[in-house]
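Mind docking chain B on chain A? Use the hints.
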Amino acid sequence: MERSSTVEWRATAVTSSRELDDFESVVRLHWLRIFRFALASLRDRHAAETLAQDCFFRAYRARDRFRGEASVSTWLMQIAVNLVRDHVRDRRLQFWKRARQTAVDVTAAASWIPATGASPETAALIKEQVQAVWDATGSLSERQRTVFLLRFVEDMDVLEIAAATGLKEGTVKIHLFRALHAVRERIGKAK
Amino acid sequence: MIEHLSAEQVSQCMIGQRPLELQQHVAGCAQCRAELAQLESALSQFRSAMREPANLAPPPAWRQPEPRPAPWFSWPRPVLTATALLVLAAVPVTWRARSHEQALREQAAQVADSQLLESVDSEISQAVPVPMEPLVTLATWNSSSTEQNQKAQRQ
Numbered sequence: 031m032e033r034s035s036t037v038e039w040r041a042t043a044v045t046s047s048r049e050l051d052d053f054e055s056v057v058r059l060h061w062l063r064i065f066r067f068a069l070a071s072l073r074d075r076h077a078a079e080t081l082a083q084d085c086f087f088r089a090y091r092a093r094d095r096f097r098g099e100a101s102v103s104t105w106l107m108q109i110a111v112n113l114v115r116d117h118v119r120d121r122r123l124q125f126w127k128r129a130r131q132t133a134v135d136v137t138a139a140a141s142w143i144p145a146t147g148a149s150p151e152t153a154a155l156i157k158e159q160v161q162a163v164w165d166a167t168g169s170l171s172e173r174q175r176t177v178f179l180l181r182f183v184e185d186m187d188v189l190e191i192a193a194a195t196g197l198k199e200g201t202v203k204i205h206l207f208r209a210l211h212a213v214r215e216r217i218g219k220a221k
Numbered sequence: 288m289i290e291h292l293s294a295e296q297v298s299q300c301m302i303g304q305r306p307l308e309l310q311q312h313v314a315g316c317a318q319c320r321a322e323l324a325q326l327e328s329a330l331s332q333f334r335s336a337m338r339e340p341a342n343l344a345p346p347p348a349w350r351q352p353e354p355r356p357a358p359w360f361s362w363p364r365p366v367l368t369a370t371a372l373l374v375l376a377a378v379p380v381t382w383r384a385r386s387h388e389q390a391l392r393e394q395a396a397q398v399a400d401s402q403l404l405e406s407v408d409s410e411i412s413q414a415v416p417v418p419m420e421p422l423v424t425l426a427t428w429n430s431s432s433t434e435q436n437q438k439a440q441r442q
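One line per chain: the protein sequences are A and B, in this order. Each residue of the first sequence is one higher than the last, beginning at 31 in this note's numbering. Each residue of the second sequence is one higher than the last, beginning at 288 in this note's numbering.
Calculated directly from the structure, the hints in this document are not laboratory data. Among the hints, erroneous ones may be present.
Covered, in the sense of this in silico footprint (three residues per stretch, anywhere, with C-beta under 8 angstroms from a C-beta of chain A), are these stretches of chain B [stated by the list, open to error]:
1) 301-315
2) 344-353
3) 363-370
4) 373-386
Partial selection, computed: residues in chain A whose CB lies under 8 angstroms from chain B [what the hints assert, rightly or not]:
5) Val57
6) Ile109
7) Asn112
8) Ala162
Taking CB as the label site, the calculated pair distances span [to be verified]:
9) A:Ile204 x B:Pro363: 27 to 37 angstroms
10) B:Gly303 x A:Asn112: 36 to 46 angstroms
11) A:Glu151 x B:Glu295: 32 to 42 angstroms
12) A:Asn112 x B:Glu327: 43 to 53 angstroms
13) A:Gly200 x B:Ser331: 35 to 45 angstroms
14) B:Thr368 x A:Glu199: 21 to 31 angstroms
By construction, the Cβ of each residue, glycine as well, lies at the ideal position given by its N, Cα and C atoms.
This is chain A alone, in the form it adopts within the complex (with noise of 0.2 angstroms):
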């Protein structure tokens, strides 16, 4: 698996509390992956713009008590992971109201894969494939789904996963064990 991202997550990691001086710095680097998270897992895009704000909001209210322990970059995904724990769990039936107005279309998003001059039949089978996963994590537990997120789209490792999310080592890997296996499931389905 392509691991190129897995450096700009190291080289954002060796940082320390004086990086929040710089607040607006601090947004710019790490918006995208707070809102990529947001994003794909609550499948609703002004949901995910709220709730990346208010992870950088709190952020800045809390900066005075990062003590630097997990880098910059593990301490707000630890925030925006108990954002999206407490909008899944408190706001279930209005997510669903509005993810219905505004959830990502995974045909235009699976059309957003860069062309890579690939055939007709090939492009159809890798929009087959991204449907499957999206389905596939889609059926997962909150839990679950976030631990696959953070380490299939942002590229965490086990040991970072667990400083996010809280959980204990193990816990994640049986977490990522159901989710990989939901998937496999899902795309021998679609095959």
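Here is chain B on its own, set in the frame of chain A:
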């Protein structure tokens, strides 16, 4: 030698944990290799799809949130003490005022209740309905005038 990778072993491979035994098996088993390649491809395409639409939402201009009012427990000690004393002094006064108001309200409610009951009682105790009251008056007047006539005749 393992026959084919179990679901758990596939997952292990996907999160980058490939012990030597698994590596050797994958190297020699076309079926497992194909299965891993397919899963890796699907996850890679999914990752690309998830990253592309997100690029369409640039970070918003950062505006510092309004500073929150200082929490009460961070006030200077003299201010805290004075506030506490004021609150303590205000409690009995407020309580008395409230209890007096409440007593008045209860009294008014009792009066209204008793008035209502009285009016109900009086309606129930009436011998005849209200529309027939003139007849009763007439009958009473007739009977009283007859008695007066009889008295006058006796005298």
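How the hints compare with the structure:
1. 301-315: holds (count 3)
2. 344-353: holds (count 7)
3. 363-370: violated (count 0)
4. 373-386: violated (count 0)
5. Val57: Status holds, d = 5 angstroms.
6. Ile109: With a minimum Cβ separation of about 15 angstroms from chain B (threshold 8 angstroms), the hint on Ile109 of chain A is violated.
7. Asn112: Since chain B brings no Cβ nearer than about 18 angstroms to Asn112 of chain A, farther than 8 angstroms, the hint is violated.
8. Ala162: Since chain B brings a Cβ to about 7 angstroms from Ala162 of chain A, closer than 8 angstroms, the hint holds.
9. A:Ile204 x B:Pro363: 27 to 37 angstroms: violated, 52 angstroms
10. B:Gly303 x A:Asn112: 36 to 46 angstroms: For Gly303 of chain B and Asn112 of chain A the Cβ distance comes to about 26 angstroms; the hint is violated.
11. A:Glu151 x B:Glu295: 32 to 42 angstroms: holds, 33 angstroms
12. A:Asn112 x B:Glu327: 43 to 53 angstroms: violated, 31 angstroms
13. A:Gly200 x B:Ser331: 35 to 45 angstroms: The hinted range 35 to 45 angstroms is violated for Gly200 of chain A and Ser331 of chain B, with Cβ atoms some 26 angstroms apart.
14. B:Thr368 x A:Glu199: 21 to 31 angstroms: violated, 51 angstroms
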